[in-house]
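Chemist: Using the sequences plus the hints, can you model the full thing?
First to last, the sequence lines map onto chains R and X. As numbered in my numbering, residues 1 to 259 make up the first sequence, in order. As numbered in my numbering, residues 260 to 518 make up the second sequence, in order.
I should point out that these hints are in silico values taken from the structure, not numbers from a laboratory. Think of the CB as a built atom: it goes at the ideal place given N, C-alpha and C, for glycine as much as any other residue. Heads up, some of the hints might be wrong.
Claimed, not checked - Computed footprint of chain X on chain R, listed as stretches where at least three residues anywhere in the stretch have a Cβ under 8 Å from a Cβ of chain X:
1. 5-15
2. 111-120
To be verified - Residues from chain R that keep clear of chain X, each with C-beta distances beyond 12 Å, as calculated:
3. Asp29
4. Ser33
5. Leu48
Number of protein chains: 2
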Amino acid sequence: MNVLIVYAHPEPRSLNGSLLNFAVKRLEDAGHSVQVSDLYAMQWKAALDADDSVVDRLAGQRFDPSLDSRRAFEQGTQSQDIAREQEKLRWADAVILQFPLWWFSMPAILKGWVERVYACGLAYGVGEHSDTHWGDRYGEGAMAGKRAMLVVTTGGWESHYSPRGINGPINDILFPIQHGILYYPGFDVLPPMVIYHTSRIDSERYTEVCDLLGQRLDNLANTAPIPFRRQNTGEYVIPELTLRPDIAPGRSGFEAHRK
Amino acid sequence: MNVLIVYAHPEPRSLNGSLLNFAVKRLEDAGHSVQVSDLYAMQWKAALDADDSVVDRLAGQRFDPSLDSRRAFEQGTQSQDIAREQEKLRWADAVILQFPLWWFSMPAILKGWVERVYACGLAYGVGEHSDTHWGDRYGEGAMAGKRAMLVVTTGGWESHYSPRGINGPINDILFPIQHGILYYPGFDVLPPMVIYHTSRIDSERYTEVCDLLGQRLDNLANTAPIPFRRQNTGEYVIPELTLRPDIAPGRSGFEAHRK
Numbered sequence: 001m002n003v004l005i006v007y008a009h010p011e012p013r014s015l016n017g018s019l020l021n022f023a024v025k026r027l028e029d030a031g032h033s034v035q036v037s038d039l040y041a042m043q044w045k046a047a048l049d050a051d052d053s054v055v056d057r058l059a060g061q062r063f064d065p066s067l068d069s070r071r072a073f074e075q076g077t078q079s080q081d082i083a084r085e086q087e088k089l090r091w092a093d094a095v096i097l098q099f100p101l102w103w104f105s106m107p108a109i110l111k112g113w114v115e116r117v118y119a120c121g122l123a124y125g126v127g128e129h130s131d132t133h134w135g136d137r138y139g140e141g142a143m144a145g146k147r148a149m150l151v152v153t154t155g156g157w158e159s160h161y162s163p164r165g166i167n168g169p170i171n172d173i174l175f176p177i178q179h180g181i182l183y184y185p186g187f188d189v190l191p192p193m194v195i196y197h198t199s200r201i202d203s204e205r206y207t208e209v210c211d212l213l214g215q216r217l218d219n220l221a222n223t224a225p226i227p228f229r230r231q232n233t234g235e236y237v238i239p240e241l242t243l244r245p246d247i248a249p250g251r252s253g254f255e256a257h258r259k
Numbered sequence: 260m261n262v263l264i265v266y267a268h269p270e271p272r273s274l275n276g277s278l279l280n281f282a283v284k285r286l287e288d289a290g291h292s293v294q295v296s297d298l299y300a301m302q303w304k305a306a307l308d309a310d311d312s313v314v315d316r317l318a319g320q321r322f323d324p325s326l327d328s329r330r331a332f333e334q335g336t337q338s339q340d341i342a343r344e345q346e347k348l349r350w351a352d353a354v355i356l357q358f359p360l361w362w363f364s365m366p367a368i369l370k371g372w373v374e375r376v377y378a379c380g381l382a383y384g385v386g387e388h389s390d391t392h393w394g395d396r397y398g399e400g401a402m403a404g405k406r407a408m409l410v411v412t413t414g415g416w417e418s419h420y421s422p423r424g425i426n427g428p429i430n431d432i433l434f435p436i437q438h439g440i441l442y443y444p445g446f447d448v449l450p451p452m453v454i455y456h457t458s459r460i461d462s463e464r465y466t467e468v469c470d471l472l473g474q475r476l477d478n479l480a481n482t483a484p485i486p487f488r489r490q491n492t493g494e495y496v497i498p499e500l501t502l503r504p505d506i507a508p509g510r511s512g513f514e515a516h517r518k
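Modeler: So this is what it looks like as structure tokens:
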């Protein structure tokens, strides 16, 4: 497989840096091709703005994030850094996003990768909108057939992220990423690999973590994805996009969107 | 009141830009003092990194995001842009974060404001850790006594963010921000003002939106905050930080953390 790791940590000599090196070696040893987008090393531009299109704007024209993204994507006038990352996405059979959980989401530099690389016409704003189909998204789209997985470290303890833990359940915290960023453009999303309480990792625990991560990487091709519901196959009312009354009756919230 | 608006949209001539201007005028007309951190106009540096401390690093020393943040905060060696924003937070009685919802969270540039301005020793890593108290957070902390509110625009429809809508309920999508970023360092968090389906705002609807936003701003001082549970007043087991068995029995997930 072709595996793209999009990695966001500012210090190579960190736990995240070590796990990245481990992952690349493990994947390559198993015969996979690996590319790494090391966002800090690349000095990735995080803020989506009018400079993301290399065409000069008409005088006085206002910047529209979606419309300008679509135009630049379709006309081939995106910034080179954006086009290069999109090429990596096309190349990849599997994409791993690896990052420390900062303030209950991905680091800003990675969020900015999503915002800029996920062009309108590529990751959203695609497909017909009708009474039976509301865009190619949530199970369809440009990333259909590709797999994605999060590798996430947290300072907090596992119990803090348990079903009744104060931070909220980890699967709910990651839902906007796993469902909203990965499943949306069509990825099959594998269960996340979460490493908790990273301030207390000794060499014994580090070995355990590597063993677990290694197993997850060994099974990248055959792990069952999270069974999110597809948007356009009858389970949602269109265009309201609410679950049909007979689907998951009485349930609501993030969990209702898993089969 | 002193009101700080932290604003993240790249185009002043946008709906968000208009609403910002409306909000500033409404607040000033009511006698409040207003400061705006217009992150795009400020060219805010989004990525947290070793440059955030102005002290030269010792040769070969590795960068630790938390420890270095604490040291720079305590020794007064933070970048000036960070220190200035912290000064605005100290000045403010109320903080409004205004942004378009991009990929189910805040724009990268605003996430980077949180990551860099929320220094260790200011917004986290404060207070004693014992059997009865696990840091000054979730209802305590440096922002205690201050109010905060989100003003958020979405392209998606209100039904898409309803309890059974495909994107997930808006309150759950915003939980990592409202609970994890605002309540964590002590803010009282007011219910959000969410403006849906922004591609279809005509002048009539714009007037309605301004009326609603105006009412929310008029009532900034007396709106009841979201009743999140405090961490250190007996409802959570310490240090596991799970809800005590007799609190919200049988419930789990984000909603269990609201009274």
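Chemist: None of the hints should be skipped; say for each whether it holds.
Modeler: For each hint, the structure was consulted:
1. 5-15: holds (count 4)
2. 111-120: Holds: 5 residues of the segment 111-120 of chain R have a Cβ under 8 Å from chain X.
3. Asp29: Label holds. Min Cβ-Cβ 27 Å, cutoff 12 Å.
4. Ser33: holds, 28 Å
5. Leu48: The assertion about Leu48 (chain R) is violated, with a minimum of 7 Å to chain X.
Violation of the numbered hints given earlier is confined to hint 5; every other hint is satisfied by the structure.
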